[in-house]
Amino acid sequence: MKKVTGIGGIFFKCKDPKAVNEWYKTHLGFDTTPYGTSFEWRDIDDSTKKGLTQWNPFAENTKYFEPSGKDFMINYRVENLEALVEELKKENVTIVDKIESYDYGKFVHIIDIEGNKIQLWEPKD
Amino acid sequence: MKKKLLLISAFALTFVLGYAFRSITAHDSKQLTIRKATGIGGIFFKCKDPKKVREWYQVHLGMSTNQYGGVFEWRQGADSSKKGFTQWSPFNEKTKYFDPSTKDFMINYRVENLEALVEQLRKDSVTITDKIETVEYGKFVHILDIEGNKVELWEPNDLEFEKLGMKINARTIK
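Protein chains in written order, with my numbering: chain A, 0 to 124; chain B, 111 to 284.
Please keep in mind that the hints were generated in silico from the structure rather than gathered at the bench.
None of the values given here were measured: they were computed from a predicted structure.
Hints may be right or wrong, so weigh each one.
Said to hold, decoys possible - Using 20 Å as the maximum straight-line C-alpha spacing, the simulated SDA-like pairs for lysine to any residue come out as follows:
#: 1; chain 1: B; residue 1: Lys161; chain 2: B; residue 2: Thr143
#: 2; chain 1: A; residue 1: Lys89; chain 2: A; residue 2: Asn60
#: 3; chain 1: A; residue 1: Lys49; chain 2: B; residue 2: Lys161
#: 4; chain 1: A; residue 1: Lys24; chain 2: B; residue 2: Glu257
Said to hold, decoys possible - Cβ pair distances, simulated, as ranges:
#: 5; chain 1: B; residue 1: Glu270; chain 2: A; residue 2: Met0; range: 30 to 38 Å
#: 6; chain 1: B; residue 1: Lys233; chain 2: A; residue 2: Ile98; range: 44 to 52 Å
#: 7; chain 1: A; residue 1: Ile98; chain 2: B; residue 2: Leu274; range: 23 to 31 Å
#: 8; chain 1: A; residue 1: Lys62; chain 2: B; residue 2: Lys192; range: 20 to 28 Å
#: 9; chain 1: A; residue 1: Lys1; chain 2: B; residue 2: Lys162; range: 37 to 45 Å
#: 10; chain 1: A; residue 1: Asp102; chain 2: B; residue 2: Lys277; range: 38 to 46 Å
#: 11; chain 1: A; residue 1: Glu81; chain 2: B; residue 2: Lys233; range: 31 to 39 Å
#: 12; chain 1: A; residue 1: Gly104; chain 2: B; residue 2: Ser174; range: 20 to 28 Å
Heads up, the beta-carbon is just placed ideally off N, CA and C, and yes, glycines get one too.
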């Protein structure tokens, strides 16, 4: 079973997300909205399929990365999240929440071997 | 009535200012097309035991890893005939590679014209922590963002980067 296929997002804490957003827009030409930006690319085997990698600064007091105490969280794109979560459960990997479905895909959060919270995303691009 | 007029003029002012601002920024972005991060070139993060972390991601999430981490392979949004790569690497927590930033991560951004961009950044008084380094798979430099995060900028040579991966028989993640 194919599991992780790409980087879906990189999220990091900062003191002032608005100022950080502005800085990356001004100096590195990021096309930012108030929430961050997204980088667009295409699937390696099927170039008609678009992929997006989200980039978002978060306020340092966010609880979104908990229970991880790290400054960052990575979102990985996966294929077939339901089946993967079943496998991870059998492997005793800590699953933090239940799979949530939105218009743009399914999400779940797990903890890696060093306590980093990671987000798994089965996208509908 | 007075209140209504005031409200209308406030709206008008906002509109004019907004328009002016948009024109300025649109003009700016046209002039400064060298300021263009085109993608994420890498994600690096500290951990206690990079080897175990690489193994964990390989076993549980099916990511092909080697001694340097893993490489995501994709096609460029602007020209899908061209490949692009994103390096993923756990680093030992004692690494000095992210210094002077004390954060536990560093992001690498792909850029188009590093020499010209660095000249611009210098004019902007952005802190540039080293000199541009040229290797066969591209040019690199490190800068600090507004909050002291060290940022790696990479003008990639994707063909050479791919060759390098083939040389060590590395499978990509896709």
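Do the hints match the structure? See the list:
Restraint check for Lys161(B) and Thr143(B): the C-alpha separation of about 40 Å exceeds 20 Å, so the hint is violated. For a cut-off of 20 Å, the pair hint linking Lys89(A) to Asn60(A) is broken: about 33 Å separates their Cα positions. Between Lys49(A) and Lys161(B) the alpha-carbon distance is near 32 Å, which puts this suggested pair outside the 20 Å criterion. Distance hint between Lys24(A) and Glu257(B) is fulfilled; the C-alpha atoms sit about 14 Å from each other, no more than 20 Å.
Against the hinted window of 30 to 38 Å, the Cβ-Cβ separation of Glu270(B) and Met0(A) comes to about 33 Å, which satisfies the hint. Separation of Lys233(B) from Ile98(A) is about 48 Å and conforms to the stated range, judged on CB atoms against 44 to 52 Å. Evaluation of the 23 to 31 Å hint for Ile98(A) and Leu274(B) yields a failure: the beta carbon distance comes to about 38 Å. Evaluation of the 20 to 28 Å hint for Lys62(A) and Lys192(B) yields a failure: the beta carbon distance comes to about 40 Å.
Distance hint for Lys1(A) and Lys162(B): a CB-CB separation of about 23 Å, inconsistent with the stated range 37 to 45 Å. For the hinted restraint 38 to 46 Å between Asp102(A) and Lys277(B), the CB-CB distance of approximately 43 Å keeps it satisfied. Between Glu81(A) and Lys233(B) the Cβ separation comes to about 52 Å, which falls outside the hinted range of 31 to 39 Å. Restraint check, Gly104(A) to Ser174(B): a C-beta distance of roughly 23 Å satisfies the suggested window 20 to 28 Å.
Checked against the numbered hints listed earlier, the structure breaks hints 1, 2, 3, 7, 8, 9 and 11; every other hint is satisfied.
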